[in-house]
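In case you want the letters, here they are:
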Amino acid sequence: MSNHSDTNSPVKEAFWRFSRKSPGIAKPVNNIHPTRFEKFNGNMIPNRKKEYDSSVIFNHNQFSSSTSTSPYLSTVNSQTQITTTNIDNQPNTNTTSTTTTTTKMTTSSSASNLNTMENSLSHLSLSSSSVNTSVISHSSSSTHLSVSNSPNSLSSSLNSSNGGIDTSQSQQQNNNIQNINSNRIKKFERLLNTGIHVDMESLKTLGWRGIPNRYRPMSWKILLGYLPSNCERRDEHLERKRKEYRDGLPQYYTSDEKRGESDRRTLKQIQMDVPRTNPNVPFFQQPLIQDILERILYLWGIRHPSTGYVQGINDLATPFIWVFLSEYIEDVANCQVDQIDPNILAMVEADSYWCLTKLLDGIQDHYTFAQPGIQRMLASLKGLLEKINNSLCAHLADQDAQFITFAFRWMNCLLMREIPFPLVIRMWDTYLSEKEGFSVFHVYVCAAFLVLWSDELKQRDFPDIMIFLQKPPTQNWEERDIESLFSTAFYYRSLYEEAQSHLKSNNINLNNNIIKK
Amino acid sequence: MPQQGEEESEYLFKIVIIGDSAVGKSNLLNRFTRNEFTEKTKATIGVDFGTKSIEIDNKIITAQCWDTAGQERFRAVTSGYYRGAVGAMIVYDITSKISFKNVTRWLNELREMAEQDILIMMVGNKSDLEMSREVPTKEAQAFAESNKISFLETSALNSTNVNQSFERLLTDIFHLVSSKKPMVVDDTQNWLVPNQGKKLTPLTDPAPQLTANTTSTHQEKKGGCC
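As given, the protein sequences belong to chains A and B, one line each in that order.
The first sequence begins at 1 in our numbering and counts up by one.
The second sequence begins at 1001 in our numbering and counts up by one.
None of these hints come from the bench; they were simulated from the model.
Since the model is a prediction, treat every value here as computed from it, not as a measurement.
Check each hint, because a few of them may be wrong.
Subject to a maximum C-alpha distance of 25 Å in a straight line, what follows is the list of computed SDA-like cross-link-like pairs (lysine to any residue) [claimed, not checked]:
#, chain 1, residue 1, chain 2, residue 2
1, B, Lys-1040, A, Lys-435
2, B, Lys-1052, B, Glu-1130
3, B, Lys-1040, A, Asn-476
4, B, Lys-1101, A, Gln-271
5, A, Lys-268, B, Glu-1072
6, B, Lys-1052, A, Gln-271
7, B, Lys-1040, A, Glu-418
8, A, Lys-268, B, Arg-1083
9, B, Lys-1097, A, Pro-275
10, B, Lys-1097, B, Glu-1130
11, B, Lys-1052, A, Ala-401
12, A, Lys-458, B, Arg-1083
13, A, Lys-268, B, Thr-1104
14, A, Lys-435, A, Leu-288
15, B, Lys-1040, A, Arg-214
Okay, the calculated bits of chain A under chain B, using three or more residues with CB under 8 Å as the criterion [stated by the list, open to error]:
#, region
16, 346-360
17, 463-475
No residue lacks a Cβ here, since even glycine has one placed at the ideal position from N, Cα and C.
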């Protein structure tokens, strides 16, 4: 892909601002780091036909319309104005306003159309033939972008003007955000606690944009398939699984003499890793939590001999313990674990074990010999980056900074080492709501993550690239940064999913090549 | 081409730090490159990286240290990290007999995966934990002598011998390099050993400036990169 010479084109810029900040994909992420987005202008837009690009806009717009009740509107600051009307039959969310000095977007549509869109959300595809671009025009002082979809008679427009910030809207905006949040909570309440059957697709659609704390434990369990979606059988099921876990524990408590050599090694490795798991999160330094983690990891390790315990799995177990405890304890971060009812801890432990098992079932080849799953993802990431930002890819190659060197950990620990722990939990809301979140979508997230630092990386030589990527500046990240990252990842996937599909299969040759290296 | 901030660096040596899990590899690296020590360092996944320049015989030597993961499962994937390494530091924990026993395995791994003439230093870390010592110094000393590798006991916690061990390894490499005649040191800082036709040090930006011979070796190794 060539370098884009039209970096400064107002159309392209307006398009990019729109597509990146569109509430559709990222949920309106407004930019607290303006410069971070500016730098995308040149590199991220693939060199494609305008029609194609605008169909992307359109799709995003669809998405944005249908998802306007997202609580992440709270992340929009007063610089952006998005006026969305007639959404979702939610009176309180019919109008959502924020302001920007440069962009004003108005989306209107009939509710029926939007409902259709919500249903087809997971099938967003660029190849959709029903999308037509009718007008793209711009002038030096303003950009007006209008896209219409003839079958659905939906039209959207994007206006870029120099409108000032309307301070009177700030209050209204806050109110709207509150309404949206409470609506969102209501939606989860309705979905999870009424009727006997939870609709998985709805849960995934809702969960993708983040799950409210109080519904997270149950949602995760359902999304992972640990808890049946039919609530009538849940209690019985939970009881049985918890008992099954308890019954397995004597394997852990057996004497060292009875343990085989390999089990002894496993236990020793786990005992070395548990104390240094999430060392910066005090909660995980509490002895009872470390005991729980040790048992979970050991039992999982000996019950999955083809994989065994692999470093990094310890990281993956931690969100479960945290989230499942939050079902019973309000302030997990500051709780004294030794004062919690042991029965609660036992339930949390069993649930965490089973959910870790479910998670790892889906990505087991990330940890088997030679870790083919991870190598596939690395190859996939490289292929993606070549398309998204070839100049960055070339620079990395030029500096001999290989993906296996800097991105291996990203795959092995699912970016948990790079992202602050509370945000990892937010990330998992989306990953769990994806079909193959931890293997396929994660690669797009990694690509977005890498491209995020494109400017910094291009100025660095090999050692500095390595040192930078070892500790990327994410310490002060907030939820909006994660959503922005997901927005970009979603966008990449909508563009490149088909091209990447060959990498999903177990491409052994590819793996062998990497091993030979 | 001299890299920014490294104008004076005349040699660049890649060193891999290997050894069992939790023997203190990352803390040795951090102590050496940043003079830092963290009691609870997250287990290294893949590779961690650090550089430091020191002066030997009035020459500036930059060490490019690759701190690897200790767990066996990672070896199949990460053995590529040895490419171009001229030095290896095998670390064991003086309070763990098994980590010392496994030094032999790491030596074999190096013989299999690394450059033939890689220089090896064995380091017994955690010398501050004398009370829990399981590996007598004399035993380790004898092992090092029989395997013709350097040896020091270190403590990343209190800094004992950390710099010395890296310096000794780097000095050994430097002397080995200096003794190889004729040695080509081109103005791009790439030094080559023509009679072997291979690049001993991976430089920050190797590909463009290398001789044809070296380049081909480089590319050959690079093939199939992920």
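These are the hints, each one checked on the structure:
Between B/Lys-1040 and A/Lys-435, the direct Cα distance comes to roughly 35 Å. Violation of the 25 Å bound is thereby established for this hinted pair. Our distance criterion of 25 Å between C-alpha atoms is broken by B/Lys-1052 and B/Glu-1130, whose separation comes to about 29 Å. For a cut-off of 25 Å, the pair hint linking B/Lys-1040 to A/Asn-476 stands: about 22 Å separates their Cα positions. Taking the CA atoms of B/Lys-1101 and A/Gln-271, the gap is about 20 Å. The hint holds against a cut of 25 Å.
Restraint check: the Cα-Cα separation between A/Lys-268 and B/Glu-1072 comes to about 13 Å, which is no more than 25 Å; the hinted pair holds. With a CA separation close to 32 Å, the supplied pair B/Lys-1052 and A/Gln-271 exceeds the 25 Å bound. Distance hint between B/Lys-1040 and A/Glu-418 is fulfilled; the C-alpha atoms sit about 17 Å from each other, no more than 25 Å. A threshold of 25 Å between alpha carbons decides the hint, and for A/Lys-268 with B/Arg-1083 the separation of about 30 Å lies outside it, so the pair is violated.
Using a Cα cut-off of 25 Å, the hinted pair B/Lys-1097 and A/Pro-275 holds, with the two alpha carbons roughly 21 Å apart. Proposed proximity of B/Lys-1097 and B/Glu-1130 is supported: the alpha carbons are some 13 Å apart, at most 25 Å. Of the pairs offered as hints, the one joining B/Lys-1052 and A/Ala-401 holds, with about 19 Å between alpha carbons and a cut-off of 25 Å not exceeded. About 24 Å separates the Cα atoms of A/Lys-458 and B/Arg-1083, which keeps this hinted pair within 25 Å; it holds.
Between the alpha carbons of A/Lys-268 and B/Thr-1104 the distance comes to roughly 20 Å, so the proposed pair stays at or under 25 Å and holds. This hinted pair does not check out: A/Lys-435 and A/Leu-288 have alpha carbons roughly 34 Å apart, beyond 25 Å. Proposed proximity of B/Lys-1040 and A/Arg-214 is contradicted: the alpha carbons are some 32 Å apart, above 25 Å. Evaluation of the coverage hint for the region 346-360 of chain A: breached, as 0 residues show C-beta separations to chain B shorter than 8 Å, against a requirement of three.
Three residues within the 8 Å Cβ limit are the bar, and the region 463-475 of chain A against chain B gives 4, so the coverage statement holds.
Hint compliance for this structure: hints 1, 2, 6, 8, 14, 15 and 16 are not met, and every other hint is.
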